[in-house]
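2 protein chains.
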Amino acid sequence: MPRHNVRQQIIDAGLKVLIEKGFNGSGVQDITAAAGVPKGSFYNHFESKEALGAEIVDVYGRDNPRRALLGDTSLPPLQRLQAHFERLNANFTAADFGRGCLLGNFSAELSGQSDLIRERLASLYLNWSSDLAAVVAEAQGDGSISTKAPALDLASFLLDAYEGALLRARVEKSGRAFDRFMTVAFDQILV
Amino acid sequence: MPRHNVRQQIIDAGLKVLIEKGFNGSGVQDITAAAGVPKGSFYNHFESKEALGAEIVDVYGRDNPRRALLGDTSLPPLQRLQAHFERLNANFTAADFGRGCLLGNFSAELSGQSDLIRERLASLYLNWSSDLAAVVAEAQGDGSISTKAPALDLASFLLDAYEGALLRARVEKSGRAFDRFMTVAFDQILV
Numbered sequence: 001m002p003r004h005n006v007r008q009q010i011i012d013a014g015l016k017v018l019i020e021k022g023f024n025g026s027g028v029q030d031i032t033a034a035a036g037v038p039k040g041s042f043y044n045h046f047e048s049k050e051a052l053g054a055e056i057v058d059v060y061g062r063d064n065p066r067r068a069l070l071g072d073t074s075l076p077p078l079q080r081l082q083a084h085f086e087r088l089n090a091n092f093t094a095a096d097f098g099r100g101c102l103l104g105n106f107s108a109e110l111s112g113q114s115d116l117i118r119e120r121l122a123s124l125y126l127n128w129s130s131d132l133a134a135v136v137a138e139a140q141g142d143g144s145i146s147t148k149a150p151a152l153d154l155a156s157f158l159l160d161a162y163e164g165a166l167l168r169a170r171v172e173k174s175g176r177a178f179d180r181f182m183t184v185a186f187d188q189i190l191v
Numbered sequence: 001m002p003r004h005n006v007r008q009q010i011i012d013a014g015l016k017v018l019i020e021k022g023f024n025g026s027g028v029q030d031i032t033a034a035a036g037v038p039k040g041s042f043y044n045h046f047e048s049k050e051a052l053g054a055e056i057v058d059v060y061g062r063d064n065p066r067r068a069l070l071g072d073t074s075l076p077p078l079q080r081l082q083a084h085f086e087r088l089n090a091n092f093t094a095a096d097f098g099r100g101c102l103l104g105n106f107s108a109e110l111s112g113q114s115d116l117i118r119e120r121l122a123s124l125y126l127n128w129s130s131d132l133a134a135v136v137a138e139a140q141g142d143g144s145i146s147t148k149a150p151a152l153d154l155a156s157f158l159l160d161a162y163e164g165a166l167l168r169a170r171v172e173k174s175g176r177a178f179d180r181f182m183t184v185a186f187d188q189i190l191v
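If you read the sequences in order, they're chains A and B.
Going by the UniProt record's numbering, the final residue of the first sequence carries number 191, and the count climbs one at a time with no gaps.
Going by the UniProt record's numbering, the final residue of the second sequence carries number 191, and the count climbs one at a time with no gaps.
Since the list gives no way to pick out one identical chain from another, each pair is judged satisfied if it fits inside one copy or across any two copies.
The list that follows gives simulated cross-link-like pairs (lysine to any residue, SDA-like), each with its CA atoms no further than 25 angstroms apart:
no.	residue 1	residue 2
1	K39	Y60
2	K148	S130
3	K173	D115
4	K173	E55
5	K148	D187
6	K173	D131
7	K173	Q113
8	K21	R99
9	K39	R7
10	K148	G175
11	K148	M182
No wet-lab data here; the hints were simulated from the structure.
Please work from the sequences and hints to get the whole structure.
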C-alpha cells in the first residue's frame, strides 16, 4: 500500500478518535490501532500528535458538507440557514449526543495548550462564519433579514451560540438546547 | 494539619489545575504537587480523579460570586444581567483568555467519558440558568423585557451562547466574541 494511503488512514482514524476521546484522552497508539496501521508508522507521516491534530482541524473544515448546503441557491437564504442548523441538530441527535463538534471540543481543550492548533481553529471559525455570513448577507439583500447588524457579526454570534448549545445538549443528552437555539435564532436574531 | 485541610487543599489546587490543563491533560500528581501534599494522600480523600472532578463541579457552582451580583436588588434587573456578563468578560480578559470556564471545558471534554461528571454539569447548568432566569423574570415583571419567551428559555439560551462565545474568545485571544455577545444579547434578545 503506498505511503499516502497510510497517511490518509491515520487522518481518518484520528478524526474519529480525537472527536470521541479528546486530544489528551487518546494516544498515538489509539489512533494507529483504529487506523489498522503499525504504531511505528505514525512518525513516518507526522512529527507529533499535535501536528496530526492541526491537520485534522483543516480537514474537518475543508471537507465539511456545510458548503454545499449553504451554497444551494435553489432554496431561499433563510431556509438554507435553517436547513444548515437542522442538519447539525439531526447529526448530533442521531449520535445520541455522544460526540461533539471537533471545533468546540478542541477550542475548550487545546486553546491554552497548543498555539499551532489554536491558530488553525481560528481559521476554521472564520471560514465557517464567513460561509454563514454570505447567506445572511443574501437574506439582508432580499429583505428577509434586517441590515441593522453586519452579516458577519450575526453569523459569528450564531456559530458561537450553536457551539454553546451543543455543549449543553451533550451534557443533558437532550435536544432541548437545540430547540431553544432554533427559536431564538430565527425569531429574534435573523429577523 | 487536620485531614480536612488536606482535602480542601486538593480541591482548591484541583480546580486551578483542571481548568488550566484539562481533566485528561493533568494527573493526580499534578494536582497533589500544586496542592503541596504527598501524592499518596490523594486516595485518602478521593476514590479517583473522576470523584474529585465531580466534587469540583459542585464547588465551582456553589462558591461562584454570580449569586451575590445577580441577587443585588439595588440595581435594576437588566443592569444586573449586564454587570454579570461584563464581570465574566473582565475576568477572562484579565487572564489573557488563557483559561476557560470549568463548565464549558468539562462539557466539551467529559460528556462522553464520565456520566458522574456529566450529571453534575447538568445540575450546574440548571442552577446557573435558574439564577439568570430569576432576574430575567424580574425584568419581564417591570416591563423592561418582553414576556414573549419564557424567562428560563431566554436565560438558558444566553448561558449557552456565552459559553460558545468564550470558546471563540480563547481561540482568538480577543474579546471580539464577548462584544458581539453583549450587543446581540442586549439589543435583540433581552428586549
